[in-house]
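**Student:** Put together the whole structure using the sequences plus the hints.
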Amino acid sequence: MHRLDAIAVAIGARLEGRVDLAIAGAAEPADAGPDDLALAADPRYAAGLARGRARAALLWEGADWRALGLEAALLVARPRYALAALSQRLDPGPALAPGIHPAAVVDPTAAIGADAAIGPFAVIGAGVVLGPGARIGPHVTVGEGARIGAGALLHAGVRIGARVVIGARFIAQPNAVVGGDGFSFVTPEPSRVEEVRATLADRGGGGVAQHWARIHSLGAVRIGDDVELGALSAIDRGTIRDTAVGDGTKIDNLVQIGHNCVIGRDCMVCGHVGISGSVTIGDRVVLGGKVGVGDHVFIGDDVVAGGGTRIRTNVPKGRVILGDPAVKIETQLAINKALRRLPRLMASLARGNKDVSKDDDSG
Amino acid sequence: MHRLDAIAVAIGARLEGRVDLAIAGAAEPADAGPDDLALAADPRYAAGLARGRARAALLWEGADWRALGLEAALLVARPRYALAALSQRLDPGPALAPGIHPAAVVDPTAAIGADAAIGPFAVIGAGVVLGPGARIGPHVTVGEGARIGAGALLHAGVRIGARVVIGARFIAQPNAVVGGDGFSFVTPEPSRVEEVRATLADRGGGGVAQHWARIHSLGAVRIGDDVELGALSAIDRGTIRDTAVGDGTKIDNLVQIGHNCVIGRDCMVCGHVGISGSVTIGDRVVLGGKVGVGDHVFIGDDVVAGGGTRIRTNVPKGRVILGDPAVKIETQLAINKALRRLPRLMASLARGNKDVSKDDDSG
Amino acid sequence: MHRLDAIAVAIGARLEGRVDLAIAGAAEPADAGPDDLALAADPRYAAGLARGRARAALLWEGADWRALGLEAALLVARPRYALAALSQRLDPGPALAPGIHPAAVVDPTAAIGADAAIGPFAVIGAGVVLGPGARIGPHVTVGEGARIGAGALLHAGVRIGARVVIGARFIAQPNAVVGGDGFSFVTPEPSRVEEVRATLADRGGGGVAQHWARIHSLGAVRIGDDVELGALSAIDRGTIRDTAVGDGTKIDNLVQIGHNCVIGRDCMVCGHVGISGSVTIGDRVVLGGKVGVGDHVFIGDDVVAGGGTRIRTNVPKGRVILGDPAVKIETQLAINKALRRLPRLMASLARGNKDVSKDDDSG
Numbered sequence: 001m002h003r004l005d006a007i008a009v010a011i012g013a014r015l016e017g018r019v020d021l022a023i024a025g026a027a028e029p030a031d032a033g034p035d036d037l038a039l040a041a042d043p044r045y046a047a048g049l050a051r052g053r054a055r056a057a058l059l060w061e062g063a064d065w066r067a068l069g070l071e072a073a074l075l076v077a078r079p080r081y082a083l084a085a086l087s088q089r090l091d092p093g094p095a096l097a098p099g100i101h102p103a104a105v106v107d108p109t110a111a112i113g114a115d116a117a118i119g120p121f122a123v124i125g126a127g128v129v130l131g132p133g134a135r136i137g138p139h140v141t142v143g144e145g146a147r148i149g150a151g152a153l154l155h156a157g158v159r160i161g162a163r164v165v166i167g168a169r170f171i172a173q174p175n176a177v178v179g180g181d182g183f184s185f186v187t188p189e190p191s192r193v194e195e196v197r198a199t200l201a202d203r204g205g206g207g208v209a210q211h212w213a214r215i216h217s218l219g220a221v222r223i224g225d226d227v228e229l230g231a232l233s234a235i236d237r238g239t240i241r242d243t244a245v246g247d248g249t250k251i252d253n254l255v256q257i258g259h260n261c262v263i264g265r266d267c268m269v270c271g272h273v274g275i276s277g278s279v280t281i282g283d284r285v286v287l288g289g290k291v292g293v294g295d296h297v298f299i300g301d302d303v304v305a306g307g308g309t310r311i312r313t314n315v316p317k318g319r320v321i322l323g324d325p326a327v328k329i330e331t332q333l334a335i336n337k338a339l340r341r342l343p344r345l346m347a348s349l350a351r352g353n354k355d356v357s358k359d360d361d362s363g
Numbered sequence: 001m002h003r004l005d006a007i008a009v010a011i012g013a014r015l016e017g018r019v020d021l022a023i024a025g026a027a028e029p030a031d032a033g034p035d036d037l038a039l040a041a042d043p044r045y046a047a048g049l050a051r052g053r054a055r056a057a058l059l060w061e062g063a064d065w066r067a068l069g070l071e072a073a074l075l076v077a078r079p080r081y082a083l084a085a086l087s088q089r090l091d092p093g094p095a096l097a098p099g100i101h102p103a104a105v106v107d108p109t110a111a112i113g114a115d116a117a118i119g120p121f122a123v124i125g126a127g128v129v130l131g132p133g134a135r136i137g138p139h140v141t142v143g144e145g146a147r148i149g150a151g152a153l154l155h156a157g158v159r160i161g162a163r164v165v166i167g168a169r170f171i172a173q174p175n176a177v178v179g180g181d182g183f184s185f186v187t188p189e190p191s192r193v194e195e196v197r198a199t200l201a202d203r204g205g206g207g208v209a210q211h212w213a214r215i216h217s218l219g220a221v222r223i224g225d226d227v228e229l230g231a232l233s234a235i236d237r238g239t240i241r242d243t244a245v246g247d248g249t250k251i252d253n254l255v256q257i258g259h260n261c262v263i264g265r266d267c268m269v270c271g272h273v274g275i276s277g278s279v280t281i282g283d284r285v286v287l288g289g290k291v292g293v294g295d296h297v298f299i300g301d302d303v304v305a306g307g308g309t310r311i312r313t314n315v316p317k318g319r320v321i322l323g324d325p326a327v328k329i330e331t332q333l334a335i336n337k338a339l340r341r342l343p344r345l346m347a348s349l350a351r352g353n354k355d356v357s358k359d360d361d362s363g
Numbered sequence: 001m002h003r004l005d006a007i008a009v010a011i012g013a014r015l016e017g018r019v020d021l022a023i024a025g026a027a028e029p030a031d032a033g034p035d036d037l038a039l040a041a042d043p044r045y046a047a048g049l050a051r052g053r054a055r056a057a058l059l060w061e062g063a064d065w066r067a068l069g070l071e072a073a074l075l076v077a078r079p080r081y082a083l084a085a086l087s088q089r090l091d092p093g094p095a096l097a098p099g100i101h102p103a104a105v106v107d108p109t110a111a112i113g114a115d116a117a118i119g120p121f122a123v124i125g126a127g128v129v130l131g132p133g134a135r136i137g138p139h140v141t142v143g144e145g146a147r148i149g150a151g152a153l154l155h156a157g158v159r160i161g162a163r164v165v166i167g168a169r170f171i172a173q174p175n176a177v178v179g180g181d182g183f184s185f186v187t188p189e190p191s192r193v194e195e196v197r198a199t200l201a202d203r204g205g206g207g208v209a210q211h212w213a214r215i216h217s218l219g220a221v222r223i224g225d226d227v228e229l230g231a232l233s234a235i236d237r238g239t240i241r242d243t244a245v246g247d248g249t250k251i252d253n254l255v256q257i258g259h260n261c262v263i264g265r266d267c268m269v270c271g272h273v274g275i276s277g278s279v280t281i282g283d284r285v286v287l288g289g290k291v292g293v294g295d296h297v298f299i300g301d302d303v304v305a306g307g308g309t310r311i312r313t314n315v316p317k318g319r320v321i322l323g324d325p326a327v328k329i330e331t332q333l334a335i336n337k338a339l340r341r342l343p344r345l346m347a348s349l350a351r352g353n354k355d356v357s358k359d360d361d362s363g
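Residue numbers (our numbering), protein chains in the order written: chain P, 1 to 363; chain B, 1 to 363; chain U, 1 to 363.
Hints are computed from structural coordinates only; laboratory data are not their basis.
Careful, some of the hints might be misleading.
[What the hints assert, rightly or not] Here are the simulated EDC-like cross-link-like pairs (lysine to aspartate or glutamate), alpha carbons at most 20 Å apart as the crow flies:
#: 1; chain 1: B; residue 1: LYS337; chain 2: U; residue 2: GLU330
#: 2; chain 1: P; residue 1: LYS317; chain 2: B; residue 2: GLU195
#: 3; chain 1: B; residue 1: LYS317; chain 2: U; residue 2: GLU330
#: 4; chain 1: B; residue 1: LYS328; chain 2: U; residue 2: ASP202
#: 5; chain 1: U; residue 1: LYS328; chain 2: P; residue 2: GLU195
#: 6; chain 1: U; residue 1: LYS317; chain 2: U; residue 2: ASP301
#: 7; chain 1: P; residue 1: LYS328; chain 2: B; residue 2: ASP202
#: 8; chain 1: P; residue 1: LYS317; chain 2: B; residue 2: GLU194
#: 9; chain 1: U; residue 1: LYS328; chain 2: P; residue 2: ASP202
#: 10; chain 1: P; residue 1: LYS337; chain 2: B; residue 2: GLU330
#: 11; chain 1: U; residue 1: LYS317; chain 2: P; residue 2: GLU194
#: 12; chain 1: B; residue 1: LYS337; chain 2: U; residue 2: ASP202
#: 13; chain 1: U; residue 1: LYS328; chain 2: P; residue 2: GLU330
#: 14; chain 1: B; residue 1: LYS328; chain 2: U; residue 2: GLU194
#: 15; chain 1: U; residue 1: LYS337; chain 2: P; residue 2: GLU330
#: 16; chain 1: B; residue 1: LYS317; chain 2: U; residue 2: ASP202
#: 17; chain 1: U; residue 1: LYS317; chain 2: P; residue 2: ASP202
#: 18; chain 1: B; residue 1: LYS328; chain 2: U; residue 2: GLU330
[Stated by the list, open to error] Derived contacts from chain B toward chain U, CB cut-off under 10 Å, selection only:
#: 19; residue: GLY307
#: 20; residue: LEU322
#: 21; residue: ARG340
All C-beta atoms, glycine included, are put in the ideal place defined by N, C-alpha and C.
**Tutor:** In structure tokens form, the structure reads like this:
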């Protein structure tokens, strides 16, 4: 049980009503039982509070908690931000016993920090350095020479490649992969795809055998502090230098970050984003779900790309973009609006202009 | 060997010819040997039957099996449906010895159902409940307090998070993840992306440090009966309430289902679909490959979205949609047709209208 | 340390200057220390060489290495190709001790080739055949009856399903999955999605319960020689026949290849590509990042599809395509150009033509 007065201090809220109330957990207003703290971030949740049985709630600033039938209230200006601290306090965390599980394989040359926990069937390679308080889940592999900072949490099945360096408080969700080889191949003669990319046109060709020779990844991956990596996401190692991710950047599930990329600080990279090789991304960049970024592209600080945007060329800092190819969001919204009218326009023009009325099947 | 008369009963087919024939397996018509049942769902396969050596075949209703050179035939109105029962009968299933492998780590407080099988290096947490006949492959982790129903089959490397609840006959392909943390972060002050989303425009800003505070996922995941989850797919836990997937829903590979989503019954979610947080989806919804769904969207029952559709706003029930942004399929097909003609229209107008002839580089 | 004269032979370069110099590794020009070979593929890197401390470099043909302050140079016509051989020589490779780790579970009926290495917690099923020199990383599972060729390298957490057959020198990055079940379901009566696909239109319907019956995958996967598979990528088994991937094909991370697909030789399949079931792809095909391919599509030899292309219909050999739906790249670039002008055109026409000025919200 958590007393409300302690929670109020922890989350920076103003407590009104019964300071001695204690809660067992948190719940949505309509689902809340008498021991739950109801989470009601704005007045839309008032009806839910009436249906639930909460005695206390986290409420928007200015809420009349007595009128809502509550005995106590935590009032904050930005309830969603307060939820961060509250949820941290209530999260039981994964059940990982301290120490090294007897079924783990830890190389004798690995340096394991104080209070680290290593789960069953984890494999820790030679020369690995694990910071104090790091928690390594079951089935995790950490390759030779990798360094992982203090307080890291690697969930089950995470793979950390050899010589990868990761800062403090890193969190990786299950089955994420850091340090797979980059996808880098080369043909003895310039390949057809090199020609297509150079000309953005089809100059014919093809039919010639071209075997892909592998370029091995000699670089590793370097990740700052406070980074999170989603389930089943991959960050490839660099070819020569390291692929790099800056402090505070958060990466969602099923994301691909290619070899040699340099990602800045405090970025947010949503699900299924694919970043090709050698991309440079500034600080505080937000890439919505399924954004694709072509190789060697530069994206400036504070760029925001809406979901599904395809970034094929450099983007100056601060721009808000959408579409394929990416344009300013206002431009894309205008294009979308025009597209909905386009069939009618075509029909209208066809009546007056025989020239454009025939279907062009050249593509 | 399987006798044809037994198979006919199992799959609901009419058997003609030699009832005593037995088959060892199934094959495509041209590849079939004398012990194979050839699968020839429609008359296009007649030529293949002539090339192969099958003595028996599963045929379309009305086929003249004697003329096709066969000794016996299983005739059904809908061969593809019959294939479901037939393939179930012929599938040897994974080789998982009954009982608990000595190299598994099973918490003594876990309740393991009768006839369950647990493979090598599986890790079963405290308080887990496994239903009767559940089969847990090698390297699977089941977190503390999770419950998995009767007859479930978890292939190698599947991760089930703590407190996840799953119904009967669940099948998860290798390395799938249920119950990773939701991707939910918040800044102390409203972030730039919140402003962009509110205005759908670029109001400037940026350049201000914004650290993402983590909102922990206190909810879990709740999955109904007869659900399947593809290889390398992820279903995130909810923030407060559980993420939910209804009975009979089938999910392909590399799919992402975000925190707090509620997915209905008998849906089909194809490969690389990405569903953001807090999405509500009705029953019998079909999402084609690479469909993306924005957060907090509502999708009604029986919606069908073609491959690559990007669903940014609510979709009423029964609609068939396509495109980015999603529109009715007929509308998108008309837009696609108009787009192919658009360059010619522009050129034509440019000759008559100097106003629109210049390239607009504003985007 | 590697002597330059030996490297010159290995990578087919002309060595000038001090033949007796030795290097410890490779580095980008500006980062290079005195024991590094600087990699300077073209004159743009000259400034970097001046900043770094390299004494030797891999240079473009014709470079004046003395003027660049170097003591020795390896000169090649195509430095990027030389990098393949160079990086192979310098790559230390994964630390996998030869032999079978005592914590692996290897079925006694498995045939393990000479000099194979099997890491901790690997699980090798009954009847598996591993070629000579195969290296199986930690936590890998190889299902019963699978065959893997000589010199294969399976990184941590790779899953190989039962009866899968793979050629020589296969490389699979961490957590990749070969041989998950195909995503194949059928309803007793024709489903709504079958109707939509047949008509490409919305004929109503819906609201009728439709349960998906599973079609089991009786086929396996068959992979040629010299294939690579990226981290977290999946190749599903076939329904009846095997899914097939030809020699020399390279597959990036987070790729999905559906059941029954037949992929040719020397293809390149980039990140997040999704290939639906029963697709046939020729030789030397290049699919850029996030390309999607509809089911039963045929793609001819030497096709190149730009990133994000959505291939819904057959593509003749040699074509270079882009867009959704895929058209010739020149057509798509013309469409993109026209789209940027479209809003202005609409506004212009609206002033003169009231007919097309109203927003059409039918979609």
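**Student:** Give a verdict on every hint.
**Tutor:** Each hint tested on the structure:
1. LYS337(B) - GLU330(U): holds, 17 Å
2. LYS317(P) - GLU195(B): Holds, at roughly 17 Å.
3. LYS317(B) - GLU330(U): At roughly 39 Å apart (the allowed maximum being 20 Å), GLU330(U) and LYS317(B) break the hint.
4. LYS328(B) - ASP202(U): holds, 8 Å
5. LYS328(U) - GLU195(P): Status holds; Cα separation ~15 Å.
6. LYS317(U) - ASP301(U): holds, 5 Å
7. LYS328(P) - ASP202(B): Cα-Cα ~8 Å, so holds.
8. LYS317(P) - GLU194(B): Roughly 18 Å separates the two Cα atoms, so the pair holds.
9. LYS328(U) - ASP202(P): Status holds; Cα separation ~8 Å.
10. LYS337(P) - GLU330(B): Roughly 17 Å separates the two Cα atoms, so the pair holds.
11. LYS317(U) - GLU194(P): holds, 18 Å
12. LYS337(B) - ASP202(U): holds, 18 Å
13. LYS328(U) - GLU330(P): Violated, at roughly 28 Å.
14. LYS328(B) - GLU194(U): holds, 17 Å
15. LYS337(U) - GLU330(P): Within the cut-off at roughly 17 Å; holds.
16. LYS317(B) - ASP202(U): Within the cut-off at roughly 12 Å; holds.
17. LYS317(U) - ASP202(P): Holds. LYS317(U) to ASP202(P) sits at ~12 Å (cutoff 20 Å).
18. LYS328(B) - GLU330(U): violated, 28 Å
19. GLY307: holds, 6 Å
20. LEU322: holds, 9 Å
21. ARG340: This hint holds: ARG340(B) lies near chain U, its Cβ roughly 7 Å from the closest one there, short of 10 Å.
Violated hints for the displayed structure, listed by number in ascending order: 3, 13, 18.
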